[in-house]
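**Student:** Make a model of the complete structure from these sequences and hints.
Counting from 33, one number per residue, gives the positions in the sequence shown under our numbering.
Label-pair ranges, simulated between beta-carbon atoms:
#1 V48 - P116: 56 to 62 Å
#2 P191 - A59: 34 to 40 Å
#3 L52 - A186: 57 to 63 Å
#4 L52 - P148: 32 to 38 Å
#5 A61 - A186: 43 to 49 Å
#6 L52 - P191: 44 to 50 Å
#7 L43 - V123: 53 to 59 Å
Derived by calculation from the structure, the hints in this document are not laboratory data. All C-beta atoms in this analysis are idealised placements derived from N, C-alpha and C, irrespective of residue type, glycine included.
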Amino acid sequence: MKKPFTLIELLLVISVITILMTLLLPALASVRETAKRIKCIGNQRQVGMIWMSYCSEYNGHLPGMAGNAYTPGYLDYWPEYMQPYFYPAIVKPWLGSNAVAIRRNSILECPSAPFPTPTMDRSRPAYGMLYTGIGGFTIPSWGSAWATSYRNIAQVKSPSRQPAFSDNYLSWDLPERMVGWFRLWPGEGHFRHSKNTKLNMIFCDGHVETKGRDDPIYKSLDVSVWANP
Numbered sequence: 033m034k035k036p037f038t039l040i041e042l043l044l045v046i047s048v049i050t051i052l053m054t055l056l057l058p059a060l061a062s063v064r065e066t067a068k069r070i071k072c073i074g075n076q077r078q079v080g081m082i083w084m085s086y087c088s089e090y091n092g093h094l095p096g097m098a099g100n101a102y103t104p105g106y107l108d109y110w111p112e113y114m115q116p117y118f119y120p121a122i123v124k125p126w127l128g129s130n131a132v133a134i135r136r137n138s139i140l141e142c143p144s145a146p147f148p149t150p151t152m153d154r155s156r157p158a159y160g161m162l163y164t165g166i167g168g169f170t171i172p173s174w175g176s177a178w179a180t181s182y183r184n185i186a187q188v189k190s191p192s193r194q195p196a197f198s199d200n201y202l203s204w205d206l207p208e209r210m211v212g213w214f215r216l217w218p219g220e221g222h223f224r225h226s227k228n229t230k231l232n233m234i235f236c237d238g239h240v241e242t243k244g245r246d247d248p249i250y251k252s253l254d255v256s257v258w259a260n261p
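**Tutor:** See below:
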């Protein structure tokens with residue numbers, strides 16, 4: 033007959049397991065974060081490919097960040113302009129309506145910033161388009177009329193250095209935050225990777241890079257409408 037474990041032996045085993053969990057949990061959390069960042073990069077690459085496909089089909093013309101050409105009297109955002117390209121990530125929740133909604137678990141949702149509801153408003157993709165430059169958005173002054181000057185891909189002088197899309201906030205509630213688009217100003221862009229120190233950014237040649245707050249691209253601070261240092 034085997035001798036039963038003593039209390040001291042049981043406590044020793046529990047202590048060893050506790051120590052191992054203490055050592056392994058941070059590593060597991062890091063692995064999960066890395067997996068989310070990699071999936072986010074994959075999502076952004078697909079967004080970039082769809083964006084370039086739209087551009088190719090329209091003779092190099094880029095979709096505006098927002099405007100009312102698609103639905104007169106209604107402010108449309110870039111997911112609406114490219115709705116057929118993004119299906120099934122984007123759907124029309126109501127028959128007969130031009131309004132669209134963005135689905136959870138789609139390429140327009142970042143795994144590090146999941147949507148709080150099954151669908152999100154059209155203006156709240158997880159990734160924002162640079163609203164000046166390629167987005168063609170002009171605001172003469174706050175409170176005045178917003179306008180869109182549509183751009184052509186030929187205007188991009190250095191596609192590998194020109195930002196197109198970035199991780200972005202989903203809510204209007206935070207001060208100095210925008211949804212669906214971004215500026216390279218302090219506070220813009222959502223640093224949600226690597227313990228909130230990094231964000232992913234798509235460039236006009238389709239590649240994706242992970243950037244920090246000290247990166248020259250981010251620190252250009254909207255020095256030009258193209259935000260291309």
